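In this text, residue positions in the sequence shown follow full-length UniProt numbering: the first is 1, and each later residue adds one.
Treat the hints as calculated values from the structure; they're not laboratory data. Note that this is a predicted model, so its numbers are computed, not measured. By construction, the Cβ of each residue, glycine as well, lies at the ideal position given by its N, Cα and C atoms. One or more of the hints may lead you astray.
Stated by the list, open to error - Keeping only pairs whose Cα atoms sit at most 25 Å apart, straight-line, the calculated PhoX-like set for lysine-lysine is: (1) K65 / K14; (2) K122 / K97; (3) K44 / K10; (4) K65 / K51; (5) K58 / K10; (6) K13 / K44; (7) K58 / K14; (8) K98 / K122; (9) K51 / K94; (10) K58 / K44.
Claimed, not checked - So the derived label-pair ranges between C-beta atoms look like this: (11) L82 / N31: 47 to 55 Å; (12) N31 / K97: 56 to 64 Å; (13) D27 / S83: 40 to 48 Å; (14) D17 / Y38: 29 to 37 Å; (15) N95 / F69: 13 to 21 Å; (16) E80 / A119: 20 to 28 Å; (17) S76 / A115: 28 to 36 Å; (18) F69 / V48: 14 to 22 Å; (19) C106 / S66: 23 to 31 Å; (20) A119 / S67: 36 to 44 Å; (21) L113 / E62: 18 to 26 Å.
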Amino acid sequence: MVVLIHEREKVLKKYHDASIAVYYGSDGTFNVTSSRYYWTGMMKFIFVYAKNCAECGKYRVENQKSSSFLQTHVYSQRFETLSIDLFGPLAGIKNHKKRIFIVEGCSTKRVELFALPNATVKGCV
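Just need the whole structure built from these sequences, with the hints factored in.
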């Protein structure tokens with residue numbers, strides 16, 4: 001469908017600004033609208049419209065934080081930092097120790113496992 005000059009902004013509000021729209025940017029908005037509508041200079045009109053959109057401006061690549069490199073922690077001594085987890089209850093266990101308390105030293109990756117009858121703070125310490 002060919003769109004008249006005064007109708008173009010209404011079409012873009014429908015496909016770009018509507019509450020169900022996802023703020024596709026200029027390329028996405030062009031793909032969505034060009035499947036149903038056409039007018040001369042459509043790509044340029046949509047590009048300018050999306051460029052001036054405040055909501056799209058939040059998500060532009062140049063407005064995004066650049067990702068930094070992963071910082072690896074250097075430990076000064078073994079067992080300086082521990083990771084702990086509690087696993088269970090385990091089904092089909094005959095004795096009463098149905099939970100496993102897992103302790104890992106982050107610097108050495110050494111793992112200790114302790115079988116526990118219940119999951120209380122007193123049982124874990």
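Given a hinted range of 20 to 28 Å, is it respected by the beta-carbon distance of E80 and A119?
-> holds, 26 Å
Satisfaction of the hinted span 28 to 36 Å by the C-beta atoms belonging to S76 and A115 = Taking Cβ atoms as reference, S76 and A115 lie about 32 Å apart, which means the hint holds.
Is the hinted range of 47 to 55 Å satisfied by the C-beta distance from L82 to N31?
-> Holds, at about 52 Å.
Are L113 and E62 spaced within 18 to 26 Å by their CB atoms?
-> violated, 50 Å
Taking the CB of C106 and the CB of S66, does the distance hold inside 23 to 31 Å?
-> holds, 28 Å
Does K65 pair with K14 here, judged by a C-alpha cut-off of 25 Å?
-> Since the Cα atoms of K65 and K14 sit roughly 30 Å apart, the hinted pair is violated (cutoff 25 Å).
Hinted pair K98 and K122, Cα distance within 25 Å = holds, 16 Å
CB of F69 to CB of V48, is that within 14 to 22 Å?
-> Violated, at about 37 Å.
Holds or violated: 29 to 37 Å for the Cβ distance of D17 and Y38?
-> At roughly 20 Å between Cβ atoms, Y38 and D17 fall outside 29 to 37 Å, so the hint is violated.
Honestly, do N95 and F69 meet the 13 to 21 Å range at C-beta?
-> violated, 48 Å
Measure nothing beyond the straight line between the CA atoms of K58 and K44; if it is 25 Å or shorter, mark the hint as holding.
-> This hinted pair holds, its Cα atoms lying about 21 Å apart.
Just tell me: holds or violated, for the beta carbon distance of A119 and S67 against 36 to 44 Å?
-> Once the Cβ atoms are compared, 38 Å apart, the range 36 to 44 Å for S67 and A119 holds.
Of the numbered hints stated above, those contradicted by the structure are hints 1, 9, 14, 15, 18 and 21, listed in ascending order.
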